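Chains as they are written, first to last, in UniProt numbering: chain A, 1 to 387; chain B, 1 to 387.
No lab work stands behind these hints: they were computed from the structure.
Just so it is clear, the structure is predicted and the values come from calculations on it, not from any experiment.
Keep in mind that a hint or two might mislead.
[As the list claims (entries may be wrong)] Example chain B residues on the side facing chain A (calculated, C-beta under 10 Å, incomplete):
| id | residue |
| --- | --- |
| 1 | Ala46 |
| 2 | Asn86 |
| 3 | Thr127 |
| 4 | Gly241 |
| 5 | Arg243 |
| 6 | Ala251 |
| 7 | Leu253 |
| 8 | Ala256 |
| 9 | Glu382 |
| 10 | Trp383 |
| 11 | Gln387 |
We put the CB at the ideal spot given by N, CA and C, even for glycine.
Protein chains: 2
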Amino acid sequence: MRPVIAQLEASKIREIANAGMGHKDVLAFWFGESDEVTPDVIRNAAIESLQSGETFYAQNCGLPELREALAQYTRESHPSADVDANRIVVTSGGVSALMLAVQALVDAGDEAVIITPVWPNLVAQPTIMGAQVRCVPLQPQGGAWGLDLPGLLKTITERTRLLIVNAPNNPTGWTLTREEQQQILAHCRRTGTWILADEVYEKLYYEPTPHGCAPSFLDIAQPEDRLLVAHSFSKSFLMTGWRMGWLVLPASLADAMGKLIEFNTSCASVFTQRAALAALAHRKEITPRVVEHFKTCRDTLVPLLAAVPGVQVAAAHGGMYAFFRLEGFDDSMTVAKRLVAEAGLGLAPGDAFAPEAQGWLRWCFASKDPSRLVEGVRRLKEWLEKQ
Amino acid sequence: MRPVIAQLEASKIREIANAGMGHKDVLAFWFGESDEVTPDVIRNAAIESLQSGETFYAQNCGLPELREALAQYTRESHPSADVDANRIVVTSGGVSALMLAVQALVDAGDEAVIITPVWPNLVAQPTIMGAQVRCVPLQPQGGAWGLDLPGLLKTITERTRLLIVNAPNNPTGWTLTREEQQQILAHCRRTGTWILADEVYEKLYYEPTPHGCAPSFLDIAQPEDRLLVAHSFSKSFLMTGWRMGWLVLPASLADAMGKLIEFNTSCASVFTQRAALAALAHRKEITPRVVEHFKTCRDTLVPLLAAVPGVQVAAAHGGMYAFFRLEGFDDSMTVAKRLVAEAGLGLAPGDAFAPEAQGWLRWCFASKDPSRLVEGVRRLKEWLEKQ
Numbered sequence: 001m002r003p004v005i006a007q008l009e010a011s012k013i014r015e016i017a018n019a020g021m022g023h024k025d026v027l028a029f030w031f032g033e034s035d036e037v038t039p040d041v042i043r044n045a046a047i048e049s050l051q052s053g054e055t056f057y058a059q060n061c062g063l064p065e066l067r068e069a070l071a072q073y074t075r076e077s078h079p080s081a082d083v084d085a086n087r088i089v090v091t092s093g094g095v096s097a098l099m100l101a102v103q104a105l106v107d108a109g110d111e112a113v114i115i116t117p118v119w120p121n122l123v124a125q126p127t128i129m130g131a132q133v134r135c136v137p138l139q140p141q142g143g144a145w146g147l148d149l150p151g152l153l154k155t156i157t158e159r160t161r162l163l164i165v166n167a168p169n170n171p172t173g174w175t176l177t178r179e180e181q182q183q184i185l186a187h188c189r190r191t192g193t194w195i196l197a198d199e200v201y202e203k204l205y206y207e208p209t210p211h212g213c214a215p216s217f218l219d220i221a222q223p224e225d226r227l228l229v230a231h232s233f234s235k236s237f238l239m240t241g242w243r244m245g246w247l248v249l250p251a252s253l254a255d256a257m258g259k260l261i262e263f264n265t266s267c268a269s270v271f272t273q274r275a276a277l278a279a280l281a282h283r284k285e286i287t288p289r290v291v292e293h294f295k296t297c298r299d300t301l302v303p304l305l306a307a308v309p310g311v312q313v314a315a316a317h318g319g320m321y322a323f324f325r326l327e328g329f330d331d332s333m334t335v336a337k338r339l340v341a342e343a344g345l346g347l348a349p350g351d352a353f354a355p356e357a358q359g360w361l362r363w364c365f366a367s368k369d370p371s372r373l374v375e376g377v378r379r380l381k382e383w384l385e386k387q
Numbered sequence: 001m002r003p004v005i006a007q008l009e010a011s012k013i014r015e016i017a018n019a020g021m022g023h024k025d026v027l028a029f030w031f032g033e034s035d036e037v038t039p040d041v042i043r044n045a046a047i048e049s050l051q052s053g054e055t056f057y058a059q060n061c062g063l064p065e066l067r068e069a070l071a072q073y074t075r076e077s078h079p080s081a082d083v084d085a086n087r088i089v090v091t092s093g094g095v096s097a098l099m100l101a102v103q104a105l106v107d108a109g110d111e112a113v114i115i116t117p118v119w120p121n122l123v124a125q126p127t128i129m130g131a132q133v134r135c136v137p138l139q140p141q142g143g144a145w146g147l148d149l150p151g152l153l154k155t156i157t158e159r160t161r162l163l164i165v166n167a168p169n170n171p172t173g174w175t176l177t178r179e180e181q182q183q184i185l186a187h188c189r190r191t192g193t194w195i196l197a198d199e200v201y202e203k204l205y206y207e208p209t210p211h212g213c214a215p216s217f218l219d220i221a222q223p224e225d226r227l228l229v230a231h232s233f234s235k236s237f238l239m240t241g242w243r244m245g246w247l248v249l250p251a252s253l254a255d256a257m258g259k260l261i262e263f264n265t266s267c268a269s270v271f272t273q274r275a276a277l278a279a280l281a282h283r284k285e286i287t288p289r290v291v292e293h294f295k296t297c298r299d300t301l302v303p304l305l306a307a308v309p310g311v312q313v314a315a316a317h318g319g320m321y322a323f324f325r326l327e328g329f330d331d332s333m334t335v336a337k338r339l340v341a342e343a344g345l346g347l348a349p350g351d352a353f354a355p356e357a358q359g360w361l362r363w364c365f366a367s368k369d370p371s372r373l374v375e376g377v378r379r380l381k382e383w384l385e386k387q
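Starting from the given sequences, assemble the full structure and let the hints guide the process.
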């Protein structure tokens with residue numbers, strides 16, 4: 001095996017989940033996934049496709065009608081972006097979209113800059129391609145995290161091939177402002193650096209906006225800017241297990257991306273693409289309801305958490321996580337394991353996302369029944385009182 | 001974009017398929033895919049899974065019950081192989097299995113040796129990882145192709161990180177003998193070279209055998225040999241569009257492969273894995289019928305083709321292709337395009353698979369209705385008579 005693969009860190013989130021599997025009555029909030037089943041209308045589209053016999057290979061870049069529907073969906077959210085179907089490729093999940101982007105751009109030895117704490121996959125992908133990865137940590141400010149923009153811009157030089165940024169951010173809930181996006185884009189134009197923006201949480205945004213989503217690089221970039229935006233059906237459509245995502249990219253990259261899809265996964269299954277088409281057709285019923293519900297979840301959890309002595313937490317602007325610091329417990333993995341075993345509470349350890357998040361915990365608040373969140377806080381509080 | 005990605009050759013098979021799409025009444029035999037829909041019992045398992053709400057993330061390496069069923073399936077075909085569930089990982093298609101194996105093993109600058117002509121993905125995958133690829137051509141002997149074993153062994157040295165071999169072979173139908181496998185394995189043990197065996201056609205084997213499949217490296221290797229075997233549900237279970245495959249590997253690699261799956265695709269969807277479980281449960285009805293039918297197809301097509309003046313062809317021992325040379329037509333792409341436009345016959349050009357297969361054509365004989373094959377040969381013959 002390659003040393004770089006042997007040394008890839010195993011998921012600390014999964015380590016906790018595995019630790020929890022032997023225990024009865026654990027309230028699990030460790031994964032980034034709602035516990036609500038995919039809506040019927042989406043499942044039924046896949047079932048009809050299977051019944052009608054759509055079991056053959058499809059186009060590498062996705063069904064033309066799905067690429068078209070995704071382009072329209074993108075234009076709705078980002079009217080100033082000039083996105084047509086030639087700028088869309090369909091991928092087997094958001095993670096595949098991200099990996100394909102990294103394969104297209106990063107040679108072994110290239111430098112990639114990543115803003116952390118972040119979903120560990122984003123650090124692992126350029127590492128797999130042999131890149132030199134430089135992390136730029138967000139700065140904790142009370143319970144929230146903020147960007148050290150001058151520090152980031154200083155780190156991105158002409159030697160930087162790729163900037164990877166996930167905002168709204170998993171796990172911190174941090175979101176880029178428009179002003180920060182503009183400065184980053186202008187700087188990366190000067191250095192010739194590609195931007196890979198993981199914007200899968202753009203719709204899960206709880207601040208007032210004209211188009212119901214977080215600020216996106218698509219709003220300010222030109223079609224041929226060095227920008228790839230990764231998206232997923234997982235969060236906004238409750239479709240985690242389906243493995244459906246897409247990339248928005250310069251049209252000049254679409255053919256190459258089609259080749260990479262051929263060599264990685266060939267294509268997404270047609271019945272899954274039919275489900276995605278149904279999701280988009282019903283986007284105006286599904287996503288607003290999901291977002292409204294997640295906001296209720298956030299607003300249920302965060303005030304209760306904030307009232308627990310020793311907890312530092314802020315309401316996330318976007319995403320589906322409460323990321324909080326627990327005073328007096330500096331080893332996230334130890335406390336996460338103890339919470340599973342002693343309190344029946346399953347949270348993800350902060351250091352799964354970066355060393356600087358040691359001492360933090362991530363709580364996914366996407367729960368069909370918000371009373372689970374209330375009960376979770378009760379368990380946390382009771383456990384803390386015993387310490 | 002990376003130069004190596006920009007220079008990846010686009011699929012010449014797809015170029016022909018695209019050329020054919022504007023034409024009515026083209027008999028398409030260009031893709032490696034049967035035109036028969038996946039059996040009901042498999043589709044129904046996915047439908048039931050969707051109806052019951054299995055729409056969440058699953059284990060990186062696959063459902064435990066599917067890994068167990070695949071281990072049992074492997075032991076049935078290869079009784080001497082010591083394969084348990086820890087040596088199986090489930091992947092999103094055979095191509096994903098192959099790409100993951102290459103990611104695990106090949107650093108940029110490493111040398112990979114590949115036996116050609118071959119499915120172009122096998123050459124592209126190490127190229128994407130930055131490898132130096134050395135091709136060892138099979139030798140045409142009349143209408144068949146054979147291995148220059150001494151030439152291969154001379155090419156594999158201590159500098160060779162990985163040998164990639166696809167047998168039964170797409171496109172030639174060539175199959176490794178047991179004796180060749182033994183010599184290759186012994187040699188690779190000496191040089192420390194990993195073997196990645198693409199054995200997805202092992203069940204589509206038309207010679208008499210005790211366990212209904214072609215000779216496999218699994219029959220002769222030890223559990224900790226440097227061997228990964230890639231498999232797919234696509235061919236033996238008529239499941240091309242589903243994107244389900246698996247790897248058999250040393251147990252010591254399974255954890256690392258789970259990480260790579262997390263960073264590439266996360267997991268295969270549960271409803272697709274339920275379909276795979278149904279396929280395995282009904283393996284004794286499905287695969288023998290498929291193989292018997294493909295043999296009928298081969299034995300319909302090959303004698304008719306052989307009787308066409310100027311055609312050099314041999315009956316493939318395995319796989320689902322007739323690979324033939326057409327005397328007087330030395331440019332495969334030109335003749336393939338002319339056959340589409342002038343004869344309504346869609347074949348894949350030989351040079352899609354290697355430069356040495358220039359002048360050859362690949363005909364996928366996996367056709368639900370063998371009379372399509374008869375009509376195809378009639379069109380070829382009629383077209384040739386006009387030249």
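For each hint, the structure was consulted:
{"no.": "1", "hint": "Ala46", "in the structure": "6 Å, holds"}
{"no.": "2", "hint": "Asn86", "in the structure": "15 Å, violated"}
{"no.": "3", "hint": "Thr127", "in the structure": "9 Å, holds"}
{"no.": "4", "hint": "Gly241", "in the structure": "5 Å, holds"}
{"no.": "5", "hint": "Arg243", "in the structure": "5 Å, holds"}
{"no.": "6", "hint": "Ala251", "in the structure": "13 Å, violated"}
{"no.": "7", "hint": "Leu253", "in the structure": "6 Å, holds"}
{"no.": "8", "hint": "Ala256", "in the structure": "5 Å, holds"}
{"no.": "9", "hint": "Glu382", "in the structure": "29 Å, violated"}
{"no.": "10", "hint": "Trp383", "in the structure": "27 Å, violated"}
{"no.": "11", "hint": "Gln387", "in the structure": "32 Å, violated"}
Consistency note: the structure conflicts with the earlier hints numbered 2, 6, 9, 10 and 11.
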